[in-house]
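Chemist: Read top to bottom, the protein sequences are chains V and P. Residue numbers for the first sequence follow my numbering, beginning at 1 and rising by one. Residue numbers for the second sequence follow my numbering, beginning at 1 and rising by one.
Hints are computed from structural coordinates only; laboratory data are not their basis. From a predicted model like this one, the values you see are computed outputs, not experimental measurements. Some hints could be false.
[Stated by the list, open to error] Here are some of the chain V residues that sit facing chain P, going by a computed Cβ distance under 8 Å:
1. Pro86
2. Leu221
3. Ile228
4. Ala259
5. Ile261
6. Val268
7. Ile269
Every residue, glycine too, gets a C-beta built ideally from N, C-alpha and C.
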Amino acid sequence: MAIYLQQTTNMLMLWAVYTLVAVGLSVIFSVMRIINFAHAQFYMLGAYGLYVGSSLLGMPFPIAVLGSAVSIGVIGLTTERWLIRPVGNDQLRAMAGTLGILLALGGAASLIFGPQDRYVPAPISLNFNVAGTQLSAYKFAIAGAAAISVVGLVLFLRGAWAGRATRAVAQDRLGASLQGIRIGQVRSLGFFVGSTLAGLAGALVLPISSVNPSTGDPVLLKMFIILILGGLGSVPGAVVGALVLAAIETLGISFFGQASILAAYVLVILVILWKPAGLLGEFHGGGL
Amino acid sequence: VSRIRLGALLGSPVLRVVAVAILVLALPIVVQDVYSLSTATGILMFALPALCSWLLLTAGLWSFGQGLFALIGSYGVTLLVMRLGMPFWVAMPLSAVLAATVAWVIAFPALRASGVAFAILTMVGLLAAYQVVTVFSAVTGGAGGIVGVPPPDDLNLGPVAISVGSPSSYYYLIAILFVLCLASTQLIARSHVFLEIRGLAANPRLAASVGIPPRRVFASVLAFAAFWTAIAGAFSAPYLGVAHPLVWYIYPSIFIVAYPIIGGISSLYGALLGTIAIVAGSEVLRLTQQVEPILVGVGLLAITLFLPKGLIGALAQIATLVSRVRGEKA
Numbered sequence: 001m002a003i004y005l006q007q008t009t010n011m012l013m014l015w016a017v018y019t020l021v022a023v024g025l026s027v028i029f030s031v032m033r034i035i036n037f038a039h040a041q042f043y044m045l046g047a048y049g050l051y052v053g054s055s056l057l058g059m060p061f062p063i064a065v066l067g068s069a070v071s072i073g074v075i076g077l078t079t080e081r082w083l084i085r086p087v088g089n090d091q092l093r094a095m096a097g098t099l100g101i102l103l104a105l106g107g108a109a110s111l112i113f114g115p116q117d118r119y120v121p122a123p124i125s126l127n128f129n130v131a132g133t134q135l136s137a138y139k140f141a142i143a144g145a146a147a148i149s150v151v152g153l154v155l156f157l158r159g160a161w162a163g164r165a166t167r168a169v170a171q172d173r174l175g176a177s178l179q180g181i182r183i184g185q186v187r188s189l190g191f192f193v194g195s196t197l198a199g200l201a202g203a204l205v206l207p208i209s210s211v212n213p214s215t216g217d218p219v220l221l222k223m224f225i226i227l228i229l230g231g232l233g234s235v236p237g238a239v240v241g242a243l244v245l246a247a248i249e250t251l252g253i254s255f256f257g258q259a260s261i262l263a264a265y266v267l268v269i270l271v272i273l274w275k276p277a278g279l280l281g282e283f284h285g286g287g288l
Numbered sequence: 001v002s003r004i005r006l007g008a009l010l011g012s013p014v015l016r017v018v019a020v021a022i023l024v025l026a027l028p029i030v031v032q033d034v035y036s037l038s039t040a041t042g043i044l045m046f047a048l049p050a051l052c053s054w055l056l057l058t059a060g061l062w063s064f065g066q067g068l069f070a071l072i073g074s075y076g077v078t079l080l081v082m083r084l085g086m087p088f089w090v091a092m093p094l095s096a097v098l099a100a101t102v103a104w105v106i107a108f109p110a111l112r113a114s115g116v117a118f119a120i121l122t123m124v125g126l127l128a129a130y131q132v133v134t135v136f137s138a139v140t141g142g143a144g145g146i147v148g149v150p151p152p153d154d155l156n157l158g159p160v161a162i163s164v165g166s167p168s169s170y171y172y173l174i175a176i177l178f179v180l181c182l183a184s185t186q187l188i189a190r191s192h193v194f195l196e197i198r199g200l201a202a203n204p205r206l207a208a209s210v211g212i213p214p215r216r217v218f219a220s221v222l223a224f225a226a227f228w229t230a231i232a233g234a235f236s237a238p239y240l241g242v243a244h245p246l247v248w249y250i251y252p253s254i255f256i257v258a259y260p261i262i263g264g265i266s267s268l269y270g271a272l273l274g275t276i277a278i279v280a281g282s283e284v285l286r287l288t289q290q291v292e293p294i295l296v297g298v299g300l301l302a303i304t305l306f307l308p309k310g311l312i313g314a315l316a317q318i319a320t321l322v323s324r325v326r327g328e329k330a
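Turn these sequences into a full structure, and let the hints steer you where they fit.
Modeler: Right under this line is the structure:
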């Protein structure tokens with residue numbers, strides 16, 4: 001019983017983290033129509049940002065988390081402005097560019113921070129005692145922060161003018177530009193929001209795990225799996241895809257062992273073949 | 001006058017292949033130290049899949065899962081040789097044919113996805129292959145791989161006996177395989193199939209409407225690429241002495257796509273140039289273990305920002321510049 005309580009808590013936390021990463025990537029994909037390979041490194045940088053802010057500069061934990069996330073957003077903004085926008089509609093070069101950032105940032109992190117694991121202690125060491133099992137309150141705090149962020153994003157996309165403009169660009173770029181929406185600004189905004197979410201996810205999870213220069217590698221693969229399950233460029237799809245992967249990695253492994261990971265990949269492959277647009281996605285035209 | 005003739009000669013694709021073949025096969029006469037030879041062997045081992053990747057990119061297919069076929073090659077050879085006692089020279093083509101068959105069969109469902117979704121699918125396919133290797137550890141040795149892969153057995157061709165084991169003999173083996181791969185890729189690049197490939201990449205609907213079967217053409221390209229990628233994988237097992245899932249995992253598979261982009265996608269020699277630049281460059285600049293990802297990353301960024309036509313395009317620009325300067329002097 002205790003193991004399932006623990007694993008359910010872990011599932012909740014992983015779901016939150018994966019959702020932040022995948023929703024961020026979905027927003028970027030929707031407005032850019034390219035895969036941002038560098039997204040996984042933005043997650044890694046988010047964790048390093050918290051490490052620098054909290055451990056090296058001595059900032060309070062929440063400020064360090066927010067500072068790190070916003071800094072990553074600015075890095076994303078810079079990427080869009082100086083790397084992807086000059087390339088125009090050349091998809092090959094744009095994706096080569098984000099691949100380049102993926103590889104260069106991983107290398108740069110190992111040069112700057114070294115290969116060792118970096119760690120920041122959780123700000124709350126409180127544990128809930130449920131039926132004799134100690135459950136970490138911080139994991140619930142991560143889930144809460146993610147929920148607030150995603151709900152905030154959805155409200156922004158539905159309500160705010162800039163959010164509606166983002167959805168318009170995702171659905172029909174030409175139509176949006178004819179309505180007077182500045183595509184370039186919306187893309188910058190989308191990249192900023194998406195990168196901020198990835199950085200936030202990396203920062204929030206640092207006290208649970210730790211960060212090293214290859215922290216982004218598994219994320220790179222997992223974010224694609226989630227997007228395929230949920231559908232490229234769909235926020236609800238990203239949330240559902242993240243839940244499926246989180247459940248497989250926690251409860252699935254408890255029940256079925258390592259083979260459940262293989263089952264996840266087979267599931268993904270079947271989903272692509274059965275519904276190339278993802279379970280909830282509208283690959284063409286649908287936006288966020 | 002002689003320069004013009006040389007240029008005209010190199011304009012012929014057949015002579016280009018012959019020239020590269022002579023350069024590659026004659027290298028051990030000039031370079032004899034073991035370190036340089038092993039670097040050259042590594043370059044050619046990755047140049048094979050890079051050439052395939054060039055063909056795939058020309059067809060508009062982003063495959064980050066080519067490592068899957070290299071794994072079929074390396075594990076195929078290892079299991080056939082070590083478990084069934086098959087000679088390497090039979091096991092290598094056999095596993096390559098197996099990889100090509102697998103590619104052909106999975107291509108038809110996989111090509112239901114296109115563009116970005118296809119790229120992600122290939123990556124997931126490679127992940128699934130890695131999981132298969134770790135889950136069925138009784139056969140595959142799990143995450144530790146299979147160590148102690150023996151060198152290829154001696155090949156007796158009547159009067160000539162070929163024995164592979166020394167660094168230079170491994171170099172000659174991969175050099176011959178590379179030349180064969182280059183020649184067949186060039187053959188495709190000169191054939192009408194290539195026009196079909198480019199037509200499909202440029203405008204799938206138009207190409208299909210004039211009677212080019214998209215899935216069959218793409219499946220053939222994928223099978224061809226899988227064959228030569230598996231040959232490289234099959235070579236890697238006895239050369240490295242190990243069939244290991246990480247040798248051809250995510251990063252090598254991404255690099256395989258990056259080499260032709262860095263070298264320049266307009267020509268198949270770009271794939272060779274990109275592989276040489278990055279693999280040799282990483283050896284020269286071995287500051288940390290992580291130097292190759294940085295170099296590939298910076299290379300890709302440079303291509304994105306400054307060199308849209310890759311290293312080949314840059315060389316062509318330099319050549320034009322030089323000839324213009326000379327013309328002005330004259």
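Chemist: Could you check if V/Ile228 really has its C-beta closer than 8 Å to a C-beta on chain P?
Modeler: holds, 6 Å
Chemist: Is the interface hint for V/Ile261 satisfied, with its Cβ closer than 8 Å to some Cβ of chain P?
Modeler: Nearest chain P Cβ about 6 Å off; hint holds.
Chemist: Just to be careful: measuring from the Cβ of V/Leu221 to every Cβ in chain P, is the smallest value less than 8 Å?
Modeler: holds, 6 Å
Chemist: Holds or violated: is the Cβ of V/Ala259 closer than 8 Å to a Cβ in chain P?
Modeler: Cβ of V/Ala259 sits 6 Å from chain P, so the hint holds.
Chemist: Hint V/Ile269 vs chain P: min CB-CB distance below 8 Å?
Modeler: Given a least distance of 6 Å, the restraint on V/Ile269 holds.
Chemist: Against chain P, is V/Pro86 within 8 Å by beta-carbon distance?
Modeler: holds, 7 Å
Chemist: Quick check on V/Val268 please, does its C-beta sit within 8 Å of some C-beta on chain P?
Modeler: With a closest approach of 5 Å, the V/Val268 hint holds.
Checked against the numbered hints given earlier, this structure breaks none of them.
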